[in-house]
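S.K.: Read off the chains here:
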Amino acid sequence: MADQKKKQLPPEAQQYQALQAKRETKRPVIKNCIKAFLIGGFICLIGQLITTFYIYFFNFTEQTAGNPTVATLIIVTMFLTGFGIYDHLGQFAGAGTAVPVTGFANAVISSAIEHRTEGFILGVGTNMLKLAGPVIVYGVFASFIIALLKTLFTKLIGT
Amino acid sequence: MLIGHSTWIFENEPTILSTGVIGGPFEAQGKIANDFDILHEDLWMKQKSFEQAQQIMMEEAAQVAVKKANIQKEKVNFFISGDLINQITPTTFAAKTVDVPYFGIFSACATSVESLALSAMIIDAGGANYILSGTASHNATAERQFRYPTEYGGQKPPTAQWTVTGAGCALVAKSTKGSKGPVITSATIGKVVDMGLTDPFNMGGAMAPAAAETIIRHLQERNVEPTYYDLIITGDLGRIGREVSYDLLKKYGIDINAKQYVDCGITIYKEDQPVQAGGSGSACSAVVTYGHYVKRMIQGQLNRILFVATGSLHSPMSVQQKNSIPCIAHAVSIEMRSES
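Protein chains in written order, with the working numbering: chain E, 1 to 159; chain B, 1 to 340.
Since the hints were made in silico from the structure, they are not lab data.
Some hints here could point you the wrong way.
Claimed, not checked - When the alpha-carbon atoms are kept at most 16 Å apart in a straight line, the in silico EDC-like pairs for lysine to aspartate or glutamate are as follows:
no., chain 1, residue 1, chain 2, residue 2
1, B, K48, E, E118
2, E, K22, B, D247
3, E, K130, B, D199
4, B, K322, B, D194
5, E, K26, B, D199
6, B, K174, B, E13
7, B, K191, B, E221
8, B, K251, E, E118
Owing to the predicted nature of the structure, the values given are computational and were not obtained by experimental measurement.
Generate the whole structure from the sequences, applying the supplied hints.
M.R.: See the structure below:
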């Protein structure tokens with residue numbers, strides 16, 4: 001698709017893009033992956049510690065400790081975002097801070113802060129899910145499809 | 001007077017009488033912090049929104065320029081300005097405060113030179129005695145207009161650029177006997193150049209051909225060698241755009257000494273500031289040129305400069321609709337009056 005589009009460009013533009021590509025600083029993909037792996041893994045480790053903490057000191061089981069763990073991570077992210085630390089972490093860790101639940105929380109919270117100047121209803125209310133919205137839309141849609149498939153298969157094979 | 005296809009030569013010597021240059025906290029840590037008239041410690045500048053903060057900077061830049069020139073504000077005929085935000089409202093509100101007849105223009109980051117060229121043209125033609133020409137940008141307003149919320153933890157690629165928080169304003173005046181200051185001698189108006197690049201995180205790469213096109217055309221139409229200028233200053237190409245445009249110029253037979261080819265986006269910040277490829281934003285070229293380079297001219301370190309501001313004219317919507325990035329560059333030559 002991208003190649004097809006490129007072929008439609010005049011030769012002058014194609015030549016320029018080749019020249020430009022040579023000078024363009026490439027994303028350090030491998031370095032980014034390693035950083036993302038380490039930081040992302042570290043966040044998960046913290047999550048695990050929190051879970052263990054809730055199971056040990058409170059009346060939670062492995063099944064029920066998930067919710068308070070996520071809530072704790074979200075609250076921590078809220079402070080890190082509010083104090084302007086999370087975006088610096090994100091620049092360093094990339095996917096490492098974007099993929100875990102903290103990344104989702106940061107997307108919601110940063111949008112909410114950003115649009116505070118337009119008021120609570122049309123600003124915060126409307127724009128809070130600007131970045132996180134697609135995750136919810138396609139998350140719900142994907143789980144619906146999977147549930148449908150599962151029901152079909154169990155009905156067909158199960159009986 | 002028109003020479004060539006689209007270059008104006010100004011015979012009546014429109015003069016940059018004074019400049020006002022305002023910066024934010026991040027610029028205060030930069031390489032040219034001493035060249036600002038006012039530096040703000042806080043991004044909010046005691047305002048309720050970043051857009052208002054940007055407006056305040058524009059107002060201050062205009063006020064400083066008028067004050068330094070030691071004239072009454074009522075003498076200023078026009079205010080020509082623009083910015084990057086929706087419907088250029090921060091500039092409009094600033095124009096309300098400045099309270100001078102106003103032209104609102106948009107050329108993204110090339111707004112500084114577009115407004116300077118128009119000011120010089122109007123003054124040269126006798127259409128005004130004093131014109132305030134300038135532009136402002138704010139990192140947080142541009143981030144939210146073009147990219148993500150300020151506190152969003154997305155990773156920016158090494159090609160991305162950092163929008164300058166600041167405002168730069170020049171007071172352009174009709175030349176009178178004994179008037180001092182750098183003279184605007186010519187201007188070349190750029191055309192929209194689009195090489196099909198689509199990455200809004202690589203604006204330097206997208207804008208480089210526009211810069212090269214305008215520089216080549218300016219040199220041809222004015223019939224001067226690149227060495228005529230002490231410096232050729234591009235607006236906000238950043239490290240990548242500067243190199244690519246340098247290569248392009250070489251390819252078309254324009255041989256410029258690398259030291260003579262500088263970029264405001266690289267000049268403004270220190271090497272260790274986390275700005276990826278360099279600074280950008282409409283204020284970038286205005287702040288660095290009016291604050292740093294014009295000052296060097298007045299101090300006698302530079303005699304002739306070619307100021308080429310580059311603008312990437314996309315909108316968030318045009319990018320999402322998978323359009324390429326249209327770019328523009330305008331050039332203005334500024335020269336010190338010869339002693340005779």
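S.K.: Next step is simple, just say for each hint if it's right about the structure.
M.R.: Hints, one by one, checked against the model:
1. B/K48 - E/E118: holds (10 Å)
2. E/K22 - B/D247: holds (11 Å)
3. E/K130 - B/D199: Status violated; Cα separation ~21 Å.
4. B/K322 - B/D194: Holds, at about 14 Å.
5. E/K26 - B/D199: holds (13 Å)
6. B/K174 - B/E13: Within the cut-off at roughly 7 Å; holds.
7. B/K191 - B/E221: holds (15 Å)
8. B/K251 - E/E118: violated (49 Å)
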